[in-house]
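A.B. asks: What follows is the residue order along each chain.
Protein chains: 2
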Amino acid sequence: MNPKIGWIGTGVMGGACASRLLAAGCEVAVFTRSREKAAPLLEQGAVWADSPRAVAERSDVVFSCVGYPRDVRAIFFGANGVLSAWATNAAETPRKIFVDMTTSSPELAVEIADAAESAGFDALDAPVSGGDVGARNGTLSIMVGGSKTAFERLTPIFASLGTNVRRQGGPGAGQRTKTTNQILIAGNMIGVCEALLYAYRAGLDLENVLASVSSGAAGSWSLSNLAPRILQGNFAPGFYVEHFVKDLGIALDDAERLRLSLPGVALARQLYLALIAQGGGRRGTQALIQALATLSNVDAFGVSSR
Amino acid sequence: MNPKIGWIGTGVMGGACASRLLAAGCEVAVFTRSREKAAPLLEQGAVWADSPRAVAERSDVVFSCVGYPRDVRAIFFGANGVLSAWATNAAETPRKIFVDMTTSSPELAVEIADAAESAGFDALDAPVSGGDVGARNGTLSIMVGGSKTAFERLTPIFASLGTNVRRQGGPGAGQRTKTTNQILIAGNMIGVCEALLYAYRAGLDLENVLASVSSGAAGSWSLSNLAPRILQGNFAPGFYVEHFVKDLGIALDDAERLRLSLPGVALARQLYLALIAQGGGRRGTQALIQALATLSNVDAFGVSSR
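From first to last, the protein sequence lines are chains H and V.
FYI, in my numbering the residues of the first sequence are 1 to 306.
FYI, in my numbering the residues of the second sequence are 1 to 306.
Note: identical chains are not told apart, hence a pair may lie in one copy or across any two.
No more than 25 angstroms apart at the CA atoms, straight line, and that leaves these computed lysine to any residue pairs for SDA-like:
1. K148 to A211
2. K148 to S118
3. K4 to A79
4. K4 to N137
5. K148 to E207
6. K148 to G203
7. K4 to T155
8. K37 to Y240
Don't read these hints as lab results, they were simulated from the structure.
Working from the sequences, and respecting the hints, build out all of it.
C.D. replies: See below:
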């Protein structure tokens with residue numbers, strides 16, 4: 001018998017994942033802050049529930065995929081949260097499982113897993129990478145922290161959502177793997193944007209430069225996928241600047257807890273904060289080049305010099 | 001008739017390139033500061049010449065591939081330099097060509113091209129990427145600045161050395177394209193090394209983390225090729241730290257000339273300078289993680305905490 005699924009948060013990522021589970025034949029109860037955002041899922045056969053608690057009450061496995069750690073905290077620990085529904089089911093077998101797919105803090109993941117364990121259910125942290133395309137196609141990387149038993153029980157469900165699904169360790173290890181991923185991207189985005197700005201200012205033909213440098217030691221996913229968007233003046237979000245700033249804040253907080261100085265992440269976050277200050281929070285991460293162009297008063301990439 | 005080739009500088013890159021031209025049937029005259037380093041080329045049929053000037057006197061096309069801009073300056077402008085040999089041949093047809101493959105400064109490339117033009121010959125800047133393997137296999141990327149006519153005349157020779165050969169514009173454009181390449185690598189190396197250090201300090205299984213993050217949006221050549229060396233404790237040079245510091249210095253100097261602030265490059269160069277201060281100048285660029293580990297007193301990656 002398939003477990004009954006609950007789904008909280010139906011943004012670009014969560015909505016696409018829930019849709020895949022419905023298509024795979026799962027029963028799905030759904031809650032999200034703005035009910036109209038759940039409409040496509042309800043049409044696809046999902047059942048509406050009025051709160052995270054209501055979702056949990058009718059589900060064996062509850063997924064959340066929301067924006068910020070504070071949202072995750074409310075969904076889990078809030079007055080109408082998942083914990084309030086499951087705290088009294090301590091004896092239930094098989095154990096219920098809460099899975100947070102939000103990119104959130106490792107510390108919160110540990111706090112949730114501890115509370116779940118005390119109440120007799122399991123909690124996994126399972127952030128993803130692969131973007132909206134990966135979510136729609138079921139080709140996400142899913143980085144999981146938490147109980148091995150719970151992870152293995154969810155193997156068939158994870159297999160509907162991702163092609164690179166790995167348990168990275170105990171509670172928080174999924175979040176820390178995702179944080180590692182974001183640190184990699186932060187450094188690389190600085191390189192991509194400073195390099196393109198330099199090449200532009202040097203008067204080079206940027207297409208031709210990319211043809212020289214993209215396939216060698218300077219090559220990267222960001223260079224191949226985001227640099228062409230920059231050249232087209234396309235700053236639409238694949239991934240929002242404001243979410244990336246949140247992720248880099250998580251990285252710096254966790255690094256501080258681990259007594260680790262990460263000067264590159266700190267610089268990247270400051271530059272992205274400048275971009276938010278300049279009105280770029282809802283653009284894609286490739287808009288970093290605009291913050292750098294503004295810094296040097298360069299009249300290009302959608303920025304006007306003064 | 002094949003042009004007579006002169007070759008100055010027979011290090012890892014220059015030696016491998018000159019060897020390919022000999023294997024392709026070219027006549028090659030060679031000079032390098034330590035004659036014993038030219039021995040393999042002399043065995044292969046190259047002829048020794050006692051100075052850059054002597055190389056130029058017997059050659060139609062002279063290549064240089066040395067360490068630093070100051071070496072290029074001496075080879076070209078010095079008392080026994082290439083210019084001293086060719087300055088009096090102004091009427092010669094076809095025009096002689098000087099090609100500098102060193103990663104050097106765009107400003108010097110322009111200065112050399114101007115002097116060559118005044119003397120009636122051509123000069124190209126043609127730095128490369130692709131490392132020792134690319135040089136041996138003739139699969140380099142070659143980024144060329146200078147006269148289109150001279151570039152086209154050298155097409156068959158460049159084809160023996162590289163598979164991605166592009167003229168990027170006038171004098172200095174090759175150097176500036178290579179600088180763009182190095183800026184990309186600088187940002188990415190910060191990301192790779194901070195990410196691995198964080199993952200290590202967080203107690204994750206680094207191999208398993210790489211399996212989660214390498215194929216997605218965080219992926220890059222450096223992550224796929226250098227992170228595994230870091231995990232093996234292999235800090236042998238694919239590319240020397242001290243050469244990278246030179247390249248990033250060229251980037252910052254040229255950016256300053258262009259009135260451009262590149263905070264990521266500045267940070268990367270300071271961290272690499274710290275690595276040199278710690279004795280790491282002759283290690284590979286992946287040793288950046290040692291500078292970061294030292295910074296946070298982390299006892300790993302070949303660094304001891306105090």
